[in-house]
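There are 2 protein chains.
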Amino acid sequence: MDKFFSPESVAVIGASRNETKVGYGLLKNLIDAGFEGAIYPVNPKAEEILGLECRPSASDIPGELDLAIITVPPGAVLSVIDDLGAKKVPAAVIITAGFKESGPEGARLESALLEKTSGYGMRIIGPNCLGIIDTHSRLNASFAAGTAREGNIAFFSQSGALCTAILDWSQNQHIGFSKFVSLGNKSDVDDVDLLTFLGNDDRTDVILGYLEGVRDGARFMEAAFETAKKKPVVIAKSGSTAAGARAASSHTGTLAGSEEAFRAAFAQSGIIRAESIQDLFDFATVFASKRRAGGGRVAVVTNAGGPGILAADAVEKSALTMADFTKETVAVLRKGLPETAALYNPVDVIGDADADRYRLALRAVAADPNVDMLLTILTPQAVTKPDEVAQAVRDAYAGVEKPFAVSFMGGPRVAAAIDAMSEDGLPDFEFPDRAVRALEAVHAFSQNAKREKETVERFHTDEAVVKRMLSEAAASGRLEISDAEARKIVSAYGFRTPKSSVATSGDEAASISDEIGYPVAMKIASPDILHKSDIGAVKVDIPDAKRARTAFREIINNSKDRMPDAHIWGVSVQEMIERGREVILGVSRDPQFGPLIMFGLGGVYVEVMKDVSFRIAPIGSRETDAMIREIRSFPLLRGVRGEKPVDLDALRESVLRLSQMVTDFPEIVEMDVNPLMLFPGKEGAVALDVRITVAEVKS
Amino acid sequence: MDKFFSPESVAVIGASRNETKVGYGLLKNLIDAGFEGAIYPVNPKAEEILGLECRPSASDIPGELDLAIITVPPGAVLSVIDDLGAKKVPAAVIITAGFKESGPEGARLESALLEKTSGYGMRIIGPNCLGIIDTHSRLNASFAAGTAREGNIAFFSQSGALCTAILDWSQNQHIGFSKFVSLGNKSDVDDVDLLTFLGNDDRTDVILGYLEGVRDGARFMEAAFETAKKKPVVIAKSGSTAAGARAASSHTGTLAGSEEAFRAAFAQSGIIRAESIQDLFDFATVFASKRRAGGGRVAVVTNAGGPGILAADAVEKSALTMADFTKETVAVLRKGLPETAALYNPVDVIGDADADRYRLALRAVAADPNVDMLLTILTPQAVTKPDEVAQAVRDAYAGVEKPFAVSFMGGPRVAAAIDAMSEDGLPDFEFPDRAVRALEAVHAFSQNAKREKETVERFHTDEAVVKRMLSEAAASGRLEISDAEARKIVSAYGFRTPKSSVATSGDEAASISDEIGYPVAMKIASPDILHKSDIGAVKVDIPDAKRARTAFREIINNSKDRMPDAHIWGVSVQEMIERGREVILGVSRDPQFGPLIMFGLGGVYVEVMKDVSFRIAPIGSRETDAMIREIRSFPLLRGVRGEKPVDLDALRESVLRLSQMVTDFPEIVEMDVNPLMLFPGKEGAVALDVRITVAEVKS
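In the order they appear, the protein sequences are chains L and X.
Note that numbering that gives the first Met the number 0 has the first sequence beginning at 0, numbered continuously upward.
Note that numbering that gives the first Met the number 0 has the second sequence beginning at 0, numbered continuously upward.
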């Protein structure tokens, strides 16, 4: 990967003298950016372009070549790769479009391309991309207009057009890039490679990305987790609501779209989700300062009440809190500020504040141990001197290690002050609420960075049973496994299920009942009878052996009377389960991230209130606990109005066992444990009804 | 009010030669803005300021004076008012601070001021404000640095500092103002006056405001409703989360903060709530075009897939929908666009699109009857010519009456194009999702503008009963009215309550039971026995007269045994109410908006899920229906899993009767009808338990 960003020599294959061609723009960008290595234009029809000697083909380039940028038409790409392969060129950026994105024929061309390059051990970025920029090595191997300012933010994007827009937009912003990568079709180098590479890149402190999808969800999550512990990874993901319409047979399937999978995957890997492009860069500017927050307590210093309240509102709506100053801080403020100033957070230094008043307030709150981050607000009032206040902010910033954000609200009157502060990496936001959002992201990252990777402990389970039952079902074409069979499957993974056995005589019904313990429930066991209670083939609350015998007879008789043609296996005798709190555990399989586990309270909470949480399996105890506590109705599990809490340990264990099972058996594509009945205290949980859908066996 | 904004003569009382003084800045602003009427500096210590003759006092000004701007110290303001009053000056803007905002002494001064000005029939803006600007009459009567660009947006703010920030900020934006008003302490002219005035102002097409609170909620809502039907009213309200901590005795009290009251009041009056200052101006720029939307169906035309998906995501998350083009539109697009273009919404005209391709696509979708609004996205790719595309957008815009928003993403390469489009009032947004938010606001306004004021019909009720019971309770110091008494109160307003009567003998218990109909419930009637069931003083499901007699005896005996000192009125015999769906109706009284009605489903839905909706009373049927449908759990009332729906007519009527009651009786400060039991079909509703808290009688 290094050869992409710090090559010693670069060739432009398809360089052009025609100013309207990409092959010209690219070469010009390379030269203009001040790249210090060798640049070789390649074009059989030219002798010289932009003052550089032009070679007929890559093989005519003297010595080693580190990086090739390819802009020839798609039909010529494969032979270019052969030339490069012969020269053992390690890296190529393929700008050329007309591959996978253009249809089946292009997709075939892309496969052929990939086969060739992997044969040569050559890594490629693209095809169908804008190119790459490395500001440190002064490499602008893109056909974008203009280049990026130098900085410590890396940006990668699946959309080349977005790259051009962002590059152009960034000209007017206080934002600098280390690397700028247009990924194109991601045929070889993808987000996973890039996350890992950028995670280890000393010149990159913040990683920004725009994604439309990922190729391998599990690898992506792993790479993201490792990188996001080291530096902030902020990603905007589009297409988040489009999936909705997917038809599905289970509750989980209905509620679990690709948006839920992405949201869970991002949260589990510590990726900060940007809800908009605005967020992406707002977050980046504050992350670029490299400061981490010890906690989420914000101090606000302002010279105007209104914007101070707006900031406090934004803080209260966020995961942050308004800091409570120590007595010492309040005393310092009281002594140094005028009587009409507000001494508690937000600190209002009043409209006529000069830089010294700001300085005093900022120094005091920045030193306060109860303050984790600072937001300074300024409105350009009659006597306000923004430049001098900016210096006070810079001084306070230099004195501590805490993250700062600034909102100098206004236009021309505050512009120079904002420029000056940006020299120290002090991020300014047009409006205070955006500053608060950005500080919230810093807090989230600082929390993530502390997380250790969870080890997922394995339960001792009986995989062989499940394997056999699943493959039997699949072999016989039964893709929907329900009821008794599905309960046996989860039993093999340690779920408690109602005790149950099929009796073929009244005596047997009595002896099974004796064993289960009374009361029991009995119902006809028949593949042909669906509406069992309608025909009197269900009896509940059977209190003793005698009545078990009677019930057996009645159920058999009723069934034979009403459904004379039904095949009857016998009568199923079941343990009666007392009422507890019903929850649902579900699983669906996301095309990108695999097994997506859903949790929610049973009945209307899932169906009407959509009160559910999601995680990508496998998960450990910490994530499981977080998942359980995430639903709004969690207080019902902990007990309201003096109820005893349900057995949360049993619930956690159930989720963990389910996670293990669907990780072990990828052929399970959908699954509902609905309800899982939870009992109070330490009384455990029982899976009452289980449905499993398996994938069709590919022949 | 006209005299404030279109005066023929203006005096600056307290004009100064000292450049650091407000009295200098103000006069200079007046002169610099090019005001064409007479300007009179007033200052006894100067003969001339900034080339204008200075008068010793207002009385020395020749002829009539329309407007005075006062910047003298607070102690001198009253005598200035006397001078102005003598001259019959109709309007004054009081810049001077040191009034209500500075403490009790200032508050007294403000009262004295107000008494004087109302005596003279003089309207005042302020005190403690930045001043006012009217770009049309070229009046800059403020001490802000610089002035506002001319336009059709009016802005008023309770925070002067925010005014200065916005004025300065707007210098770099495509935004123009008609009027700019700093309201200060709102001692006389307030938001209500301003909303009404601006509603009728021909030069104002959009009204923006920043508020921290309102003085008279009911008048505010009325003025806002009338104005918001005519033109968009967008208000940012701060302090939205601060209220939380209020202690309250009822469910409603706990859940109903001032934020909920504001949210309800804004929605009911058709005010568009801006969640941030960014929103305020994003919405304003699209509203400034004065176009209304026939519906919420958006067409997106883009030259890049990624930003198109981002826009579609934003649309799906909003109240808008992506338009479904007609066959004709798709045919036109198919014919005119390249094969790789996306013909369905978002229309992707592909990265190499020229202006003609945009023109064709824009014209086609703009003419489509299934399209209500358009968003055009451009990224500056290699061959993109933003200026030419801008012209295509302007042409399409001129051809239809639909609202447009534009997101030309980038910096220098798109700046000229954005400038050009802004000449036609075409609003550009840095990022597509912000454009979508703004279009959503246009849709909301267009819907509001269609609403007629609801007439609230009165039910025939027995106010006299309620009046008597409430005043008896208040007189005897019982501020919490519960149980039987409260049920009688709601009965007088037409609520059905369980039939109930107190029996003093077994025979009486039997005859009351006969009358009510069996089964009945009986419980001890005593002011001293709280935990009735604990001592065996409650019996339910009593099936006949004989057992009613027995129950009477047992209840009396148990009570006398266990609570020998309790005062016993008898035994209350009650109708047994069958189970239905429990909902809660509640009322709390907001200090600014008065009676705030809450609705939610009973039990955990309110307590744990906080699934409630709010309205300010009085409300009519339309708002009531909206309120009922707003809760997430509404499907439970309509019936899930084949249940019959509850009697929604009875629910609506209950809310309307409650609204009438709490409007009639402002002394009711908190109230819960919990539960109101709703029955299926047309079987009505019964108020099972009612609690009312009345205000302390002021002596």
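If you are wondering where the hints come from, they were derived from the structure by calculation, not from laboratory data.
Don't take each hint at face value.
[What the hints assert, rightly or not] Facing chain L, according to a computed beta carbon distance under 10 Å, are these residues of chain X, among others:
{"hint": "1", "residue": "Trp168"}
{"hint": "2", "residue": "Pro306"}
{"hint": "3", "residue": "Met608"}
{"hint": "4", "residue": "Ser612"}
[Said to hold, decoys possible] If you want a taste of the chain X side facing chain L, the calculated C-beta under 7 Å gives, among others:
{"hint": "5", "residue": "Ala164"}
{"hint": "6", "residue": "Ala303"}
{"hint": "7", "residue": "Leu309"}
{"hint": "8", "residue": "Asp353"}
{"hint": "9", "residue": "Ala381"}
{"hint": "10", "residue": "Thr454"}
{"hint": "11", "residue": "Gln591"}
{"hint": "12", "residue": "Gly601"}
[Unchecked claim] BS3-like mimics (lysine-lysine), calculated; alpha carbons at most 27 Å apart, straight line:
{"hint": "13", "chain 1": "X", "residue 1": "Lys87", "chain 2": "L", "residue 2": "Lys316"}
{"hint": "14", "chain 1": "L", "residue 1": "Lys384", "chain 2": "X", "residue 2": "Lys20"}
{"hint": "15", "chain 1": "L", "residue 1": "Lys384", "chain 2": "X", "residue 2": "Lys27"}
{"hint": "16", "chain 1": "L", "residue 1": "Lys609", "chain 2": "X", "residue 2": "Lys230"}
{"hint": "17", "chain 1": "X", "residue 1": "Lys609", "chain 2": "L", "residue 2": "Lys643"}
{"hint": "18", "chain 1": "X", "residue 1": "Lys531", "chain 2": "L", "residue 2": "Lys643"}
{"hint": "19", "chain 1": "X", "residue 1": "Lys449", "chain 2": "L", "residue 2": "Lys531"}
{"hint": "20", "chain 1": "X", "residue 1": "Lys559", "chain 2": "L", "residue 2": "Lys609"}
{"hint": "21", "chain 1": "X", "residue 1": "Lys334", "chain 2": "L", "residue 2": "Lys99"}
{"hint": "22", "chain 1": "L", "residue 1": "Lys609", "chain 2": "X", "residue 2": "Lys20"}
{"hint": "23", "chain 1": "L", "residue 1": "Lys316", "chain 2": "X", "residue 2": "Lys316"}
{"hint": "24", "chain 1": "X", "residue 1": "Lys230", "chain 2": "X", "residue 2": "Lys384"}
{"hint": "25", "chain 1": "X", "residue 1": "Lys316", "chain 2": "X", "residue 2": "Lys384"}
{"hint": "26", "chain 1": "L", "residue 1": "Lys27", "chain 2": "X", "residue 2": "Lys384"}
{"hint": "27", "chain 1": "L", "residue 1": "Lys681", "chain 2": "L", "residue 2": "Lys487"}
{"hint": "28", "chain 1": "X", "residue 1": "Lys559", "chain 2": "L", "residue 2": "Lys334"}
{"hint": "29", "chain 1": "L", "residue 1": "Lys20", "chain 2": "X", "residue 2": "Lys384"}
{"hint": "30", "chain 1": "X", "residue 1": "Lys531", "chain 2": "X", "residue 2": "Lys559"}
Where is the CB? At the ideal position from N, CA and C, for every residue including glycine.
Structure-based check of each hint:
1. Trp168: holds, 5 Å
2. Pro306: Interface hint status for proline 306 of chain X: holds (6 Å vs cutoff 10 Å).
3. Met608: Where the cut-off is 10 Å and the nearest Cβ of chain L is about 6 Å from methionine 608 of chain X, the hint holds.
4. Ser612: Interface hint status for serine 612 of chain X: violated (15 Å vs cutoff 10 Å).
5. Ala164: holds, 4 Å
6. Ala303: Holds: closest Cβ of chain L sits about 3 Å from alanine 303 of chain X, inside 7 Å.
7. Leu309: holds, 5 Å
8. Asp353: violated, 12 Å
9. Ala381: holds, 6 Å
10. Thr454: violated, 34 Å
11. Gln591: Check failed: Cβ of glutamine 591 of chain X comes no nearer than 16 Å to chain L, outside 7 Å.
12. Gly601: At 13 Å from the nearest chain L Cβ, glycine 601 of chain X fails the 7 Å test, so the hint is violated.
13. X:Lys87 <-> L:Lys316: Distance of about 50 Å is beyond 27 Å: violated.
14. L:Lys384 <-> X:Lys20: holds, 15 Å
15. L:Lys384 <-> X:Lys27: Given that 27 Å is the threshold and the Cα spacing comes to 20 Å, the pair holds.
16. L:Lys609 <-> X:Lys230: Violated: lysine 609 of chain L and lysine 230 of chain X sit about 37 Å apart, past 27 Å.
17. X:Lys609 <-> L:Lys643: Holds - the C-alpha atoms of lysine 643 of chain L and lysine 609 of chain X are around 21 Å apart, at most 27 Å.
18. X:Lys531 <-> L:Lys643: holds, 24 Å
19. X:Lys449 <-> L:Lys531: violated, 55 Å
20. X:Lys559 <-> L:Lys609: Violated: lysine 559 of chain X and lysine 609 of chain L sit about 52 Å apart, past 27 Å.
21. X:Lys334 <-> L:Lys99: The hint holds at about 24 Å.
22. L:Lys609 <-> X:Lys20: With a Cα-Cα distance of about 60 Å, the restraint between lysine 609 of chain L and lysine 20 of chain X is violated, given a limit of 27 Å.
23. L:Lys316 <-> X:Lys316: Roughly 19 Å between the alpha carbons, so the hint for lysine 316 of chain L and lysine 316 of chain X holds.
24. X:Lys230 <-> X:Lys384: violated, 36 Å
25. X:Lys316 <-> X:Lys384: violated, 31 Å
26. L:Lys27 <-> X:Lys384: holds, 20 Å
27. L:Lys681 <-> L:Lys487: holds, 23 Å
28. X:Lys559 <-> L:Lys334: violated, 67 Å
29. L:Lys20 <-> X:Lys384: holds, 15 Å
30. X:Lys531 <-> X:Lys559: holds, 12 Å
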